[in-house]
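Generate coordinates for the entire structure from the input sequences, incorporating the hints supplied.
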Amino acid sequence: NAGVTQTPKFQVLKTGQSMTLQCAQDMNHEYMSWYRQDPGMGLRLIHYSVGAGITDQGEVPNGYNVSRSTTEDFPLRLLSAAPSQTSVYFCASTFGADGLGQETQYFGPGTRLLVL
Amino acid sequence: AQSVTQLDSHVSVSEGTPVLLRCNYSSSYSPSLFWYVQHPNKGLQLLLKYTSAATLVKGINGFEAEFKKSETSFHLTKPSAHMSDAAEYFCVVTLSGDYKLSFGAGTTVTVRA
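Chains as they are written, first to last, in the working numbering: chain L, 1 to 116; chain X, 117 to 229.
Heads up, a few of these hints could be off.
[Claimed, not checked] What follows is a list of derived Cβ distance ranges for each label pair:
#1 L:F95 / X:S200: 28 to 34 Å
#2 X:D214 / L:M41: 16 to 22 Å
#3 L:R112 / X:S130: 28 to 34 Å
#4 X:R228 / L:P8: 34 to 40 Å
Hints are computed from structural coordinates only; laboratory data are not their basis. By construction, the Cβ of each residue, glycine as well, lies at the ideal position given by its N, Cα and C atoms.
Structure follows, in structure tokens:
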């Protein structure tokens, strides 16, 4: 059981380039989400998904796209990278079944992105 | 909408002394509250969570937190700090029925030998 995995661990991009951050979980979790972490700001929600085929925006969605074709995978796409997207990105997942928001969420190890 | 304020951006303690990390929240509805820890260059790990079953919550590694509705607080404590407790700690809130996490800005804990 690998839990939540993310690739790559580190990436350098030039302004305007595109890339996809990968996230996968092997716990059969329905709910998955992406956060970015910036110094002094905690983590902020980018996008989330309540199940395959269903996605929605979080607090800071601009510049990012997501899709959820399978339960296991939830990739995050940057279509045209900007320096403001330099950050550490975390993927998280949980069953999302208690209807109360009380379930533990499991985080991946993160992807460090530097946009020049 | 809900929000979280961590009152200290940095806390420094000596090994073997108590640790107190302060967290206040605002929420229009019954919140669920969590404390997560992040060690350097690592992901986030759940320390403990409050889900309305008991106001005093015990977590892993000797940490505990008390939910005080009248003070809208959820402070994290540990009686005796260990060097391995050096990390960043996040207070997190969700609304009932919602899995979107709202994070505080974080408190960095330094433990002196």
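Outcome of the hint check:
1. L:F95 / X:S200: 28 to 34 Å: Given about 30 Å between the Cβ atoms, the range holds.
2. X:D214 / L:M41: 16 to 22 Å: With a Cβ separation near 20 Å, D214 (chain X) and M41 (chain L) satisfy 16 to 22 Å, so the hint holds.
3. L:R112 / X:S130: 28 to 34 Å: holds (32 Å)
4. X:R228 / L:P8: 34 to 40 Å: holds (36 Å)
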